[in-house]
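Generate the whole structure from the sequences, applying the supplied hints.
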Amino acid sequence: MPTSASIEGRDEPAVIRARGLIKTFGHVAALQGVDLELYGGEVVALLGDNGAGKSTLTKCLCGVYQPDAGELELAGRPVQLRSIRDAEAYGISVVYQDLALAPDLTVLENIFLGHELLRTGLLGRAGALARGEMAQRADAALQALGIDLPSVRIPVSELSGGQRQAVAIARATMWTRAGILMDEPTAALGTRQSDIVANLITATAARGLGVMVISHDLPRVMEIATRVIVLRHGRVVLDTPAQGLSRRDVVDAMVGYAEEVHG
Amino acid sequence: MAEHAVSSRPAAPERGERRAVLQRVAGHPAFWIALIDVALILIFGLLSPNNVFWTLGSFQNLAVDSAEALLLTTGVALLLGAGEFDISQGANVVLSSVIGGKVMLALGSAGTLPAILLGALTCVACGAGMGAVNGIVVTKLGVNSLVATLGTLGIATGAADLITNGSDLAGFPLQLQSAFGSRVVLGVPLPALVALALFGVAWLVLRFTRSGVRILALGSSRESAVRSGLRVDRLLIVLFLLTGALVGVAGFIDISRFGTTNVSGHQTDALASIGAAVIGGASLWGGRVPLLGALFGALLAVILQDGLVVVGLSPFFQLIATGVVLIAAVHLDQQRRQRSGRPGRVRARLRS
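Chains as they are written, first to last, in the numbering used here: chain A, 1 to 263; chain B, 1001 to 1352.
No wet-lab data here; the hints were simulated from the structure.
Just to be clear, a hint being listed does not mean it is correct.
Stated by the list, open to error - Listed next, the stretches of chain A that the computed footprint assigns to chain B, with coverage defined by at least 3 CB atoms under 8 Å from CB atoms of chain B:
#1 79-91
#2 100-108
#3 117-130
As the structure is a prediction and not an experimental result, all values here were calculated from the model.
We put the CB at the ideal spot given by N, CA and C, even for glycine.
In structure tokens form, the structure reads like this:
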């Protein structure tokens, strides 16, 4: 079994620790016993060919799927996630590739959707929004991540794809305490906008959050990752620090060449 | 338009701000509909014999005629904001007025005031109940709201006919009309005041509250609402229930104005309310409903209807006009969406 090089010497429990995750769909064994950890402050690139089990794994980690077997620990506590809400309650959130924001709502309303701040007193009891306070907090969060928007009070439909993904990531960082899973965060974006999002991912990890990125954009994800995990046929075939790792090593692991040579 | 509001940060702030305000006013769909409303009132006034369309009585008539239309439009506008339809409104008006009327007649011997109050309460409860049924069919049975409310339209119409054998209820306490239906307070008909007050509440909720944002989120992107952890089904059922209650209020206004039910009427109510909301700037794809626009859209239909009668033309032209304008408004909305790269979702949704 491959060993994770980054486990030793950690004081904090892993944000996510999975042991022996198994998930099958009919005859398809999507995950065949996956072990992995995600720690605060690191950017883990989760790589693998199509059908390697990346999406299934991510969905098991955020409560969309329930694994058939295996253990999941979040922040050192064993958990069973039944929904995305459960995962969010444990401090894990997800950023999706299709930029799931409400286009007609403002940036502000999107960032706070489901977490709205209410005014104090009677008006708050009636559900009145504290838009001023929300705007301040949103501005602060965007600024901390270096995101530059014309205003938080414009509809998301008027933003570029990169700006939308930035808002989605800012939204996730605001409401998560521990880890963010990103499913193809740059798939819908051009080069320049992908760069912006890549910087944003680094900035997010620098704030102490654990970030796991699924991406097909190998060069870019290798640039920002601190650790690389490669899945193949539902198993982890490589789990190693990104430093010194060549793109060739990764591709070999993805297509199974490494297995043939070493195993 | 919002683009202007964002990009205009001029050097001379005062004049710039004033211009931005003007642009926002002129960009608001309600502004243009209001302008058309005023123009129509001017035209009908000029054309009417002795300018009778401009008298206080005529305006009061407009106001009271608008009361029911405004309630239905407000309800359907909120639903459109959440990406849902309700074409059962007219049938719901009839059914709630019939059941409320039955209660009022049965309680007649117990005293006028309790009979009227309980009758009113029954109308609202029946409307809310029908709304809740719509919401449950849409969420729990997974039936598209256009089809679901087409079904409940049939159910409510049939139920009302069964209860009444197809003939209208009458013989309500006279005070129903004198104390409410025909009552004028400070020059304004009471039913219109009630409708306007409820519209005001809906406007405040949509604009300033958490529920308002969530309603629009449901319509703008159901997926993002789900992923944000909103309890989508519960929200929708409550929304259908409350908009149904507005319809129930309209049902009570209906019997208290005329002193009788109208079981064969209200067949084009859904056309009128959806038409008014869409003409007022609501998007059929959800997420965007300028309620003020819906208000002036509802007035537009009533002005046309009353004005045509006053100048001696058939009021049925109003239905034709509403139908044509509704189709034109949706077509324009569709084109605007395609330009901004967001194709309409109605077809996809019907398939699901």
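Results of checking the hints against the structure:
1. 79-91: holds (count 3)
2. 100-108: Our answer is that it holds, as 6 residues pass the Cβ test (under 8 Å) against chain B, meeting three.
3. 117-130: holds (count 5)
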